[in-house]
Amino acid sequence: MFPTPLAILLFIAPESPWWLVRQGRLAEAEKAVKRLGRASSNDNPADAVAMMRRTIELEKTEKKPSLIELWKGTDRYRTLIVCGVYASQNLTGNLIANQAVYFFKRKANYLL
Amino acid sequence: MADNTAFALGLITSALQWIMVMLSWVLTTYLGRRTIYVYGQLINCGFLVVLGIAASCGASKAASNAQASLGLIVSVLFCLGPAPASWVIIGETSSVRLRPLTTGIGRGAYYIVNIPCIFLASYMLNTDKWDLGGKSGYVWAGTAFICTAMSYIWIPEMKHRSFREIDILFQRRVPARKWKQTVVDINDDE
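In order, the protein sequence lines correspond to chains A and B.
Numbering follows our numbering, with no gaps: position 89 of the first sequence is 89.
Numbering follows our numbering, with no gaps: position 175 of the second sequence is 1175.
Hints may contain errors.
[Said to hold, decoys possible] To list a few chain B residues with every Cβ distance to chain A over 12 Å, as calculated:
(1) I1019
(2) M1022
(3) L1023
(4) Y1030
(5) S1075
(6) R1097
(7) R1099
(8) I1105
(9) L1125
(10) I1146
(11) D1167
(12) Q1181
[What the hints assert, rightly or not] Taking beta-carbon pairs under 10 Å as the criterion, some of the chain A residues facing chain B (in silico):
(13) R35
(14) P65
(15) V85
(16) S88
Keep in mind that the hints were calculated from the coordinates and are not lab data.
Backbone N, C-alpha and C fix where the C-beta goes; we use that ideal spot for every residue, glycine too.
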């Protein structure tokens, strides 16, 4: 049920300006920036697109990140925080709390 | 009839969770992620212990009413505090360059813990296995307390920090509890 409204929203949503810049479709990227931004920050979408272009060019010169880097230096601490927070979503009682129906059912059995 | 009531109450839980997630938008505006995450977990930990106690009082209508409501309270509070905050922390902690990889590995860690936990949860609740019922609240309170302690020690406060500041603070190895007081000068560059 939930994917349907999402699919409709996605269909009418503007294309990602970053993706458009990567494809070299700069005019369309400007339009997308205009649609996505707040009215107050829309003074100069051309500037925003120029900044994206520059960032993408800079990214190309940077080394591709590798899985080994995740476990080096301070990045190891950062990776472990993310892993721990993800994992603990299972451990904070969520699994029993989401069984509320089970307790309601039990309760119903007593009531009968 | 009873099944219908249980199903309706299940739907009500979902609706309340939905509202709580929207209230969390307000909460994150005023409180830091660390505050919400650590204290939210601690509060849930308390409610899980109470759920365990309610289940230990013997089988009565009052006791099972209490268990059902406490289950609802725990799940609703989880949606108000720790759950949305955990997504914020996941999104902010890794360095920008490594973020897609870190998030992928984190999701892997989630499933490594998720699968055994689902087994454990089913065994604890099923009447023909361990049949712990609400007493499994004690078990989850234990794991929740460990998570609370670990997050108190290790999760820093990243609210109002830029990517640059977060990078610098991690580089300096500032202890998580001291992030809030630490000032990063505009001219600092490490």
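Quiz prompt | Restraint check, 10 Å cut-off on beta carbons, for R35 of chain A near chain B | solution = violated, 23 Å
Self-check item: S88 of chain A as chain B interface residue, shortest Cβ-Cβ below 10 Å
Solution: holds, 4 Å
Quiz item: Is the interface hint for P65 of chain A satisfied, with its Cβ closer than 10 Å to some Cβ of chain B?
Solution: holds, 5 Å
Quiz item: Does the no-contact call for R1097 of chain B survive, Cβ to all of chain A over 12 Å?
Solution: Contrary to the label, R1097 of chain B does not stay out of reach of chain A, its closest Cβ about 5 Å off (not over 12 Å).
Exercise. Say whether it holds or is violated: I1019 of chain B keeps its Cβ farther than 12 Å from all Cβ of chain A.
Key: holds, 15 Å
Self-check item: Check on I1146 of chain B being off the interface with chain A, judged by Cβ distance over 12 Å
Solution: Non-interface label fails for I1146 of chain B: nearest chain A Cβ at 7 Å, not farther than 12 Å.
Quiz item: Going by Cβ atoms, does Y1030 of chain B stay more than 12 Å from chain A at every point?
Solution: holds, 21 Å
Quiz item: Hey, does L1125 of chain B actually stay past 12 Å from chain A on C-beta?
Solution: violated, 6 Å
Exercise. Decide, holds or violated, for the assertion that all CB atoms of chain A are farther than 12 Å from the CB of Q1181 of chain B.
Key: For Q1181 of chain B, whose nearest Cβ neighbour in chain A is about 19 Å away, the distance exceeds 12 Å, so it holds.
Exercise. Measuring Cβ to Cβ, find out whether D1167 of chain B lies farther than 12 Å from everything in chain A.
Key: Contrary to the label, D1167 of chain B does not stay out of reach of chain A, its closest Cβ about 8 Å off (not over 12 Å).
Quiz item: Can V85 of chain A be said to touch chain B, with a Cβ gap under 10 Å?
Solution: holds, 5 Å
Quiz item: Is the nearest Cβ of chain A still more than 12 Å from the Cβ of I1105 of chain B?
Solution: violated, 6 Å
Violated hints, in rising order: 5, 6, 7, 8, 9, 10, 11, 13; the structure is consistent with all others.
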